[in-house]
Structures are given as structure tokens and as C-alpha cells.
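Number of protein chains: 2
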Amino acid sequence: MTKALLPTLAAGLAGACALPLAPVLAAGGGEAAQGGEAAGHGLDPFVLAGLALIFVVAKVGGELFERMNQPAVLGELIAGMCVGALALVGVEGVETLRTHAVIGALAEIGVIILLFEVGLESNLAEMLEVGWSALLVATAGVVAPFFLGWGISAYFLPEEGTLGHVFIGATLCATSVGITARVLRDLGRLQTRESRIILGAAVIDDVLGLLILAVVAGAIRASAAGGALALSDVGLIALKSVAFLVGAVLVGHFVVPHLFRGVGRFRSRGVLLTVSLAFCFFLAWVAAEVGLAPIVGAFAAGLVLDEAHFENFNRRGERDLEDLIAPVGAVLVPVFFVQMGLRVDLSAFARWELLGLAAALTVAAIIGKQVCSLAVVERGVNRLAVGLGMIPRGEVGLIFAGIGASLTLPNAQGVAEPVIGPAVFGAVVIMVIVTTLVTPPALKWGLQRTTPTPEPGQDEAVAELGEDAARRTEL
Amino acid sequence: MTKALLPTLAAGLAGACALPLAPVLAAGGGEAAQGGEAAGHGLDPFVLAGLALIFVVAKVGGELFERMNQPAVLGELIAGMCVGALALVGVEGVETLRTHAVIGALAEIGVIILLFEVGLESNLAEMLEVGWSALLVATAGVVAPFFLGWGISAYFLPEEGTLGHVFIGATLCATSVGITARVLRDLGRLQTRESRIILGAAVIDDVLGLLILAVVAGAIRASAAGGALALSDVGLIALKSVAFLVGAVLVGHFVVPHLFRGVGRFRSRGVLLTVSLAFCFFLAWVAAEVGLAPIVGAFAAGLVLDEAHFENFNRRGERDLEDLIAPVGAVLVPVFFVQMGLRVDLSAFARWELLGLAAALTVAAIIGKQVCSLAVVERGVNRLAVGLGMIPRGEVGLIFAGIGASLTLPNAQGVAEPVIGPAVFGAVVIMVIVTTLVTPPALKWGLQRTTPTPEPGQDEAVAELGEDAARRTEL
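Residue numbers (numbering that gives the first Met the number 0), protein chains in the order written: chain A, 0 to 474; chain B, 0 to 474.
If we strip away everything but chain A, and leave its shape as in the complex, we get:
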């Protein structure tokens, strides 16, 4: 039933594929299916067809947008949205593709690998160099959208209580760095100061977002229960996040060199790649356990791994880790972005009553993060690009809104109502979609644009920018 879409799309390639599952196996029934699962046949064949479709639309979408001189990631997002739109005209199978646990997990692993790759291309020392800028950018990028969101909520939803306004403000804070990281990598700009500031600020943002969520949700729960917010809980969360980041740096410094020297003695195939990925997944898991996003852990893992640790492997003539991981990323990363597009709920745009609030929230989300560009303390940095790179809210905003939908506060009549009602949730969805789609072209434009008054020392960077742009148009 759910498989009807894919034969339709691929009917030209093999006429036989629309045949139903062999009746003999299907007739095995519930128990046989369970037996089969226990025996390692847990894979729903739908996943295979779904991945094949995702791979094809990702490449077609990416290619089309690259030819239009836009980042491939925008093409992947829009390709996913187009497939998702088929659900609106009643094509079956799209809903399964959108919600399938295995495809969702592969997409998440894809973005984890993307941030690991980005971390590998960055370097801890260089990241710490821009530490102050990153901290200030992150703080500015949290404070400004927070108060803007509060104000908009107070204007559009006067019947909501203060805690409700605060929660809506909080959903505008977090930065979802996946899109930005991908655009920066597609344009070959990961090595720039702007990129380091954005990535560092995104990590700090995740910590700040976690704290804000803890404070706001704690206050709401305490208020609903008639009690007071336990500040010790918030302190514990802050402690854990900071402990994770410091711990990752210490592990990188003291454990990783020994680990890879030991593993370098292994002779079997693929050991460098496998052990590195194990390290990445391990830190991503630890990050999730302390409440941070798994991608923060993956980025940290990439940051603390360094070419110097792989001497043993390079001496043997093995390929670089970045070379080895590239094919894995090339397969899985687009799954994330197509899936993100698939999950866009286009019907939100058809709810006229939402559009005013949605537009106001979107503008606040975009303008609010432009304050970041004022917080850069470094000289010779393309401030515009930093502000644009911080725009996307992605899934983080939705998670905040989802938690808001699960919390209740008594309204004026004393009846418990969700802090984020369905209408506000719809507006948040639109804000997330727009900030996600706007970022790739805006960031590309921002990076290519030379800053109006080049400060001393920036001339080289500007010259380089010009060259890059020239090289790109040649291609």
C-alpha cells in the first residue's frame, strides 16, 4: 500500500517492480515476520526503494541548483519539498518516506557525519583563537531574537501570559548549524575566520539554548505546580554541558594520540575510518546524554582529531581520513537535507490566519541574528556573512516549539492550555522553513560581497574573495 509511489516514479526502469510481495512470504503472517526479524531480516524493503529515490532526487536537485549557481543543498531541500508535495495530491508512500524511523535515523547519521567532516577540516587552536568573538556572537544572537520574539508575542497574542511570551522568544534563539556548515563547505570556505566564528558560536548557542529551555520550561512547570523554579537543576545542566566541552578537549589532548598510536598498529582494512567514526559516534552519544545536540559532539570529535594522530597510517600509504570519510558523507549527508525538505509541511502556508504572526516571527528571527555581526571583535572579518550564517533555525526551533506544545499553563479562566497552541506552532514551522531556505543563497551572496569599507589587513582576504568568485564563474 505504502509502496505505491515508488513504482509510479520508477515505472520506466523496471515493469516487474510493481508486483506485490511474494504471497508465500506475506502469508507467513505475524509470527513469521517476527521470526524473520529476529533472524536479521529486520530491513523493510521500503527503506531500499526510499533511499534510492532520495539519492536520485538529491543529485538531480543539487545539480539543477549548482547550474543556477546556487548551493547544492538548496536543491536537495527543494527536491525533498517537491517529493513531499506529492502527498498533497494523494500520492501514497510519501508519508511513510517522511516518517520512516530507519530513513530518519540515516538522515540524522548523515548530519552527524557532516559536522564530523566539518570538525576535521577545522582545528581546535584556530577555533579557540576566535573564542571571544564566537562567545559574543552567540550571546548577541540569543539575546536579540529572544526579546524580539517576546515583543511580537506580546503584540500578536495579548491574551497569552508572560511565560508564554518568553517561550515564544526562546524558540527564536537557537541556531541550526547544519545548513550553514554545508553551504560553507560547498563553497570551500570552511578555513575562513567567518566560518570558525559561526561554528564556534553555534556550539555555544546550543549550550545557551539548552539553558534557556531549562529555565523557561522549569519556570512554567513550577508555576503550573504552584512552586518555584529550582535553580540547582539549571546549574546542573550548565555544568554538564561545560563539562562535556572541556572533557572533549581533554580527551582530544590526552587520550586520542595514544588511542590512534595503538590503532595504527592494526593491519586490517578500514581500521582508521572505522575507529574515527566510532569516536565520532561516541562523542555524539555523550553529547546527547548531557542534553546537547548529537552534532555538537560530532563536531567536537572532528575538532580534536588531527592529521598528526594518523602518522602511522599515512606512512603505510593509506588514504587520508578526510578522503576516506568523503564517500560516506556523500551518500548520507544528502539524505538529511532531502528528508528536511520532505518534512516541510507546505499546508502551513495555506493557513491565512497564521501568516501575519509567521511573517513577524520570521523577520524577527532574521533581523535578530543580524545583531551578531555587531558582536564580532576581530578585525577584517566579513561581519555580514557571520550574521547571515546564524539565520537558520532548522529542527532546533521545532523541538523548542514541540516542548512548548507539551507544557500547559492555566489561562484567564483557570483552564490548562498548552503554552504553544496549534496556531503558534504553525507559525513557528513557517519561520523554520523560511529561515532554512533563505540561508544558502543569502550566505553565498554575503560571502561574495566585499565589505564596503575594507579595514586594514583585510585587503588580502578581499583579493582572495575576488579570485574565488572569478574561479567559480569560470567553472
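These are calculated hints, taken from the structure and not from any lab test.
By construction, the Cβ of each residue, glycine as well, lies at the ideal position given by its N, Cα and C atoms.
Nothing false has been slipped in among the hints.
Just a few of them, taken from the derived set where beta-carbon distance is under 8 Å, the chain B residues facing chain A:
#1 Leu-42
#2 Pro-44
#3 Ala-51
#4 Val-55
#5 Ala-57
#6 Glu-62
#7 Glu-65
#8 Ala-71
#9 Gly-269
#10 Val-270
#11 Ala-277
#12 Ala-283
#13 Trp-284
#14 Pro-326
#15 Val-327
Position chain B relative to chain A; hints supplied.
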């Protein structure tokens, strides 16, 4: 709760990791979790920790066994069994690792990629050259174990009816080619005639197994319903399998060259790898839809893809497809074998009453496939290796047994009883474990052994074998 194992194993690496999921997120509750899932956070962090653990034990196990001059795959299987054994001493989390849908799906994708890689290293014309041998080997390897299994069942389980004996015979028929393909690849022997015969026979075996299952299960269901077996159903299944194989060859001949010539014009990163994998997953899905194993489809996809199709890419200086897919395989293939080891139910060995039947079935399974070596019509082929390569039953035997457990027949008292009872199922599990573990060392030994009376024309092959063995001992 289920996460307790991993911190234990990894406690040395990060003390902070045993902290529970941040209470603020956990407290979001059901609705928030749903919201989160819809927003792309469907990944259970357990998967990350589980994969990290699987990667590490796979590499440690593989390395140990390679140093003992055994195929790495045996080390991966046994590493998985060791982790699985921790469940017996009460370590939590192992059960989740064993049954997690996402990890199971990744393992299945791993074996699909393995067979795709094996197919890429093979070539359709060469496969068809050994067609007759493969057909005869497959037939002999199905007929002999079938009657041996029937006889053993009649001897050990006289109370069971004829259809029951037939079903037990059927569980001994199928060959699970994953282990053999991996051993052949690890030893660099995929290009030999023996390998081609084994792989071809395994594909035909899958078709024959499907037909036997259809006939036997159909007869049992018809008998339980008091009707007769509808031969037209069996004919339909046969037709679909053959149509799939012929269709794959035709697609390879007529569609693939055009497809890759078109795709060769794409400029974006990773297009060759992604489109090839999409093709592999698509054929694996079609195979599953007609009732064959997905790995048969993946193998067929690899077989029909040929270097010649990738001219456009090679001319641009892109890496070979085999080079690109190797890292993906290096990551995912070991997941399958560790998972296979994890799923071994060691407690089956402690049920003494099973061991007689289990031993008899195992011997029948091994001896039965040695008849294959007599069916090789080619000259100059290491017949012993062909017979040994056909031994493993893997998950296919378990799926048969699982379907048997779901079918019922009236016993002497007229009460409906499962065709395969728990005791017989346990014996089948032991047979599968032993045939799986025995194959890697046996096949390695068989390949290194020169045949006792070299036939004319075989001298070169023998000399090559000797050289290879010498080269290996140097390493």
C-alpha cells in the same frame, strides 16, 4: 536503563557519560518526543553508542583473527558472540543492541553493499560462462541436503508427519552467501572460477529455495485447510524470479549505459557513487518485492554495472566506483557480521536434549553441500573449495524455520501444532551457527590446498595458488 552497558564498557574514556538524559528534555514527555521526531530528531542516541561499540569490537576481533591467519569475518562474528554473551551474565543494553531496528537495518544495508561490491568485482559474461556448473552445483546442493534432512527428521522425530519432515529438509537447502563472499574477498579470490561458480550457484539456490518454500508451505496450508496445493501460485513465483533475473540482465544491457552516460554529465560531488548505490538499492528492493533476498538484487546490480559505463567519470579524474564504495562498505559490512554474532543464541547449546538432532542436522547440512563438488562440470576447478563455500546457511535457514514455526498441522490427536516446534527451531539455530562459524577457516584451508591430482590445464592455477599462499605467509 538499556544504556547501562555502554558506559560500563567505556567508562575509562569519559566519566561524564553516565549522566542521564538531561531532565529538561526527558520531561518534555510524549508529545514533545513526537514533536521532536517529526522535526527530524528520530535518532535514538543508543544507536550512536551501539554503532561505536560495534565498530570497535569488529576491528579488535578482526585484527586478532587476522593475526592468527584466519579471515577477519570470523573475528567479527566471534566478537559479536562475546558481546552477546554479556547478556547471559546480566549486562543490560545487549538485548537492545541485538534487536534495535535501526542497527538491524544498517547491518542489512551492510550485507547489501557487500554483495554489490562483490558483484562489481565480478562480470556478467564470466558468470554466464560458468552457468552450467553453477546450475548443477545449486541443484545438487539443494537436492542432497533436502533428502538428508528429511531422513534425519524421520529418524529423530517419528511422530511428525511427512510434511513436517519435508519442511525440515527444506530448511537445509538454502545457501547464505554473505560469509563465503566475504571470505573470498578477504583472500583476494573473487576473480577465480571457484568464486564465480559459488556466487552463481548461490543466486540460483535462492530461487530454488523460494520455490521449495512456496511448494512446501503451500502444501501445508492447503492440507490444513483440507484443500490441494495450487500449482499456479508456485508457477507465478518461479516466473517472477526468472523475470527478475532476466530483467536485471536486460536493464544492464539496454538501460544502464544510457543512464550513466546521462549522469556522467552531472558535475556535482559524489554523483557516481550515489547513483550507483541508488541503482543497487533499487534492484535489491525489486528482488525483495518478487520474494528473493535483497542481496540477490544487489549482486545483480553490481554484476551489470561495468567500468565501461563510467568513462565520463574516469576521464574527469574521478576515483573508481570500487574505490569510492570501499569506505562505505568498510563501515557497514562489519556491522552485519557483528550483529550476526550478537544474535547467536548461545543458550541453545545448553539444551542437551537438542544436541543429538542439532548435530545430525549440522552434519547433514555440511555433507549435503559437499555433493556440490561432484556437480562441477568445468575442469581445473578446486571442487573442494566449491563444496566448502556452499556450507553456510546463515539467516536463510532461520527464516525458513521461522515460517515453519508459524504454520500449523493437526497432530495425531487432531490438535493443530506448529510444523517446526521450539525444539526443532533450537536445533536449526545450532546448525546455522555451526555452519556459519565453520566456513571461514574451512574455505581458507580448502582454497590453499592444492587438488590431489592436478588435471591438465590446471598447472597455472595451482602455481598461482602456491604463490599466493607464499605471499600471504610473508605478510
